[in-house]
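Enquirer: Under numbering that gives the first Met the number 0, think of the first position of the sequence shown as 0, with each following residue one higher.
Do not take every clue at face value.
As the list claims (entries may be wrong) - Computed list of lysine-lysine pairs in DSSO-like fashion (alpha-carbon distance at most 30 Å, straight line):
1. K116 with K174
2. K58 with K47
3. K133 with K163
4. K133 with K174
5. K133 with K63
6. K163 with K174
7. K57 with K47
8. K47 with K163
9. K57 with K116
10. K63 with K47
11. K63 with K163
12. K116 with K58
13. K116 with K96
14. K174 with K47
15. K47 with K133
16. K47 with K91
17. K57 with K96
18. K96 with K63
19. K116 with K163
20. K133 with K116
21. K116 with K91
Hints listed in this document are in silico derivations from the structure and should not be mistaken for laboratory results.
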Amino acid sequence: MRKKIASGGLLISLLLALLLSACKPEAESLPLSDYQNPDGLYTLQIPKDWSAEYDAEKKVLSLKPAPAADQPESLQVFILTVPVSHPNPDAKLTMIKAEFEPFLEAHIDADQQIINKGETSVDRMNAMIVDFGKPWQQSYLTGREVLVNSASHAIAFLGLGEEKAWQNFLPTFRKILESYHLNSPEPTPLPGGYRP
0 MRKKIASGGL
10 LISLLLALLL
20 SACKPEAESL
30 PLSDYQNPDG
40 LYTLQIPKDW
50 SAEYDAEKKV
60 LSLKPAPAAD
70 QPESLQVFIL
80 TVPVSHPNPD
90 AKLTMIKAEF
100 EPFLEAHIDA
110 DQQIINKGET
120 SVDRMNAMIV
130 DFGKPWQQSY
140 LTGREVLVNS
150 ASHAIAFLGL
160 GEEKAWQNFL
170 PTFRKILESY
180 HLNSPEPTPL
190 PGGYRP
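Using the sequences provided together with the hints, build the complete structure.
Expert: This is how it looks when you write it as structure tokens:
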């Protein structure tokens, strides 16, 4: 009887040790610096010493480590913020979709597979998270898109890179999302159409 208890205790101890060794602490965020959108649409924090290029026509901010390498496995972040207004909610939704689709198609390969979906918030606005990936050489190309439900703007965040680099960068991506602040957003209508 004692042998069974001792072997059961040993087995539980080994399983616990195995589980604890599998739990790795999350990587730390990279140092960040403040960024002001040139059009005055938003502020956020971006990784220090990364290149930041803003396409004023497409309203897309591109972030890449310096020196920027345009390889498929390179870490990249793209942020879309486009003002959208229309009195008809259905027409506004169509306009927002018309901004999201080309933005996502320009940066995500058609053969990427959805890995996970979830919800979050960005600047107190509800947002949808979609994690995606595909095999690449001996690893994976992975990333995350975050589509924000805004009453006045089409807002999307997209980050991608090689799996290990992306996992290490994920805490920084979260800090970018946490720091995002839309300047003078249109207030969300309350029931009955009242605007505060």
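Enquirer: Return the numbers of the hints above that this structure violates; sort them in rising order.
Expert: Number 16 only.
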